[in-house]
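J.: Given next are the chains, with one letter for each unit.
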Amino acid sequence: MKLFVNRLQVMTVKELVQLTRDIILIIATIYLFTFDIYVAGSETGLSLNNAALRIYDGDHSALSRELISRFRQPYFRFDGEILNNKEAIPLLDKGKAMVILDIPLNFQKDLVSGRQADVQMLVDSSNSILGFLASSYGGQIVADFSQEIAMRNMGLKQMPVIKDECRVWYNPNQKMEWFMPLSELLTVITLLAMMLPAAAMVREKERGTIEQLLVSPLSPFQIMFPKILAMTFVILIGTVVSVFLVLEPFFHFPIRGSFILFLIITALYVFTSSGIGIFISIIAKNLSQVVMLTILIMLPILFLSGSTTPPEAMPGWLRVAVNFSPLYYYIEASYSIFLKGVGLNVLWFKILSMTAIGLGVFGIGMWRFRKQFG
Amino acid sequence: MAEMAIEVSHLVKRYKKHTAVDKISLNVNKGEIFGLIGPDGAGKSTVMKAVAGILKFDEGIIRVFDVNIDSERNAEKIKSRLGFMPQGLGLNLYPELSVEENINFFAHLRSVPKDRLSKWKRQLLDMTRLTPFRTRRMKNLSGGMKQKLGLVCTLIHEPELLILDEPTTGVDPVSRRDFWEILMHLLREKNVTALISTAYLDEAIRFNHLVLMFQGKMLAQGEPDEILKMVHGSSLELVATPHSIATDILSQVFQTEATGNRIRLFVEGKGFEEAKHTIEKILRENRIEIKDIYAREPELEDVFIALLKKEHPDSDSSPHPSFTHSPSIAPSFAHPPSVAIEAKKITKYFGKFCAVDNASFSVQKGKIFGLLGPNGAGKTTLIKMLCGIIPPTGGNATVAGVDIHHIKDVKERIGYMSQIFSLYLDLTVKENIKLYAGIYGLDKKETRMRLDWIIDMAGLEGHEEDLAGQLPMGIRQRLALGCALVHKPEVLFLDEPTSAVDPVGRRTFWDILLHLSRKERVTILVTTHYMMDAEHCDHLALMYAGKIIADGSPEKLKADVTIKAGTLLEISTNRLLFSLEVLEDTGFKGPALYGNKIHLLTHTPDEDIERIKSLFSEKKIEVKSISKYPLSMEDVFVYDITALEQEESYAV
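Chains as they are written, first to last, in my numbering: chain S, 1 to 374; chain X, 1 to 652.
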């Protein structure tokens, strides 16, 4: 037993020492846990920001100008008027305008005399999310404006409309910078959990040191396990650094639940995900194959995690598949801890599911590894 | 005066602070085979790449066919006239393509006209005997065949200048011999010039002209015979008892190499009689009996080492002399069996392919057992089975008295060193040793003791904190050996341990192995296709296509060949290739080129000497020398394997 522990210890220390000698790997790991997370939090790609707006104002009236002035920053940026209808489409084609608002002649006259007036909005929806946001925000602005005009015209102070009082929980300002960087961190953790042990193993294959280990009394488990231990340790340190040096100071990210619980779940997750890393190391012959395989496996895992597409929006069979994605449970549990501040009493089932799936993968990976090297 | 193909003067190339090539100058005449000889890291590849115009250099002038290689544009001018084959077995080839596809690819790359291509291709394939394998994928070829294909691809555009970087490294002796013969024919027929590098000193005699290099500097330049005469001295071989004490004493005074029960010596500055007298005196003083002492042909290796010691008196990082007095590593098992390894009809199939076929042999405790065979003969598979890395399909074996199916017990009793010195290059010397000490479960005190012992044994003082990757190959090899010995194994397995090491390092390494086997009673099983290594072994087994085809001491194997095929004649003439043809046409069996001489086996040596003499005088060939010559292990190897190959081709 003492010998067993001792062997694990020397092998784990060896992995850590080797890691410190690999400058490129160190830089890549530091980058992924700091700058990468920061960039992910800083980009607000999925919200409408400074959408280029061009106007064709055929009316040039007080009311038309008032409507135009309602299209404001931060959502829209007024990029000037166009004088000719025909300019509109080329501007959209070239990507120089995202929204074109077309106000026809007699806009004011129609409204003042109590008739219906039309405006036309052309929206570049090649990015479907941004297009959707621009058209709905624009529609909202026009609707609010037309309601005001109607009230003014009719001399009313109030109208029988329903005002909805929306209460946003957990992320009251719906900040993307609370959602994106954590999502990115969890992705980075997943990536490294698979890649680092696989890379460490394949490096031994490439250099032939694996043979030296195989002729020693080490069991396959004693060869693979220390790599996972060492890499889990590295990833946990990276996670702590990322949360306290990037998420908290730069994005004022809330830690409402127990950070320790999060770390424990992370350790569990990394550990079990490394099973996939073992698979990769069995198949791959060199480092570039490790990277290729990691990407290949990463893509479906990310898709099934529900971080980009909510499972409810997936077709039936994919929704079932999501239940087998450990990353799905891990993301759910992590957001719950940080933003909702809930604990084990709520999360136990998710954690249990994640662990069960992970152990399954780990077990199969280890079994295959023994078969190859036993 | 002959025209120059290559002129290099004062070439200097630095990599950061390290000077790889330091003021090398050489001139290669057209039609000449010019050799660059030296161990790894001597700067051979750098010179070749610079001449081929694919590497920028810092100082000096290189002219190839009168074009000054000082710019990329000028380098382009001569590229169509030269063929360059980089180092590494078939590294310039595409493993997924077939033999023919590879050749066609290179031909198209060089835009060789179709009609010329098909004719030349057929000729080359025939000459290299690759014709039956046209459709085989390159990755499925043997090492020797890969190298021949590499040569074909380099030759396909009929270059005037061939630059071959270590073409024979890692190739078995039979293929090596083939390779040289093909090359010589081609060079003579097409009158091309060749610049060839090698780490094998015994290949030096095949060059017209050569440069000995070491650590970027030139040690000597000239024709092989001239270089041999550069260091005045005499080479001797002797048999003395007790062997190991005699070796110890003599090695402190002279260049020595112990092989089997013989000691080879090079005594500088003395003629044979004088040297013999000195040695006899020294040994008599130490009460050592000399059984036999005689002169032998001086070899380039002796000269190389002598020159090296003159130029770099500190370069020899050989083990500390006190090593011999370090604590014994006698095995900790009380009653070790006298048979250390016993294999009984051990067999391994990979799918339908039989890698090892009913191999049986036994190795006595404390002996050095050599496993010889070309690439793909099954040596590595056999070792891996004995080490418990892969299970045998059939048969059984015991190692250190333990059945190999008890993998764990076997592993604790053996040490293993693979051909690539499996060290962690990013760990320091100390970290490497401590890692293995930890794996084998040594406690702190033992670890410290073994650490000191290994550093002492391997001559690693001053390198303790260096990364293993920064060590020169020779030292790296001894560190790997140390790591394999950390737990005092009873049996040591070495898989081609000397392939990448220079002669000085190789000698040091064998000194250590001899010490281990003679004094520490460690049993050593070593695979090699380096024939000099074979001479060191107590017992040899020849492997071919998974089978053990001959088995015995080096002396016995040589004697067997003598009984079967006769005595070896060595013939030296002024028209070598023509002489060879004449001999073949007259019905002599299997004359072969051996350097700049011809080797021939015959049962009637004395009659044949006369016959050949008269035959050659008829054909107006001047005989420089013709005499009986002792068989080398290489002769034995080549004889046994070609005999088998012939049997097989008759069977088909």
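Worth flagging that the hints you see were computed from the coordinates, not collected in a lab.
Don't take each hint at face value.
[To be verified] Per the computed footprint, the stretches of chain S lying under chain X, defined by three or more beta-carbons under 8 Å from a beta-carbon of chain X, are:
#1 3–14
#2 93–105
#3 205–211
[Said to hold, decoys possible] Taking lysine to aspartate or glutamate and the DMTMM-like style, the derived pairs with C-alpha atoms no more than 25 Å apart in a straight line are:
#4 30/X <-> 70/X
#5 444/X <-> 15/S
#6 56/X <-> 40/X
#7 344/X <-> 431/X
#8 430/X <-> 206/S
#9 2/S <-> 431/X
#10 205/S <-> 40/X
#11 139/X <-> 204/S
#12 217/X <-> 7/X
#13 430/X <-> 79/S
#14 16/X <-> 40/X
#15 371/S <-> 431/X
Where a beta carbon is used, it is the ideal one built from N, C-alpha and C, also for glycine.
J.: Looking at the structure, which of the earlier hints fail to hold?
T.: Failing hints, ascending: 2, 7, 13, 15.
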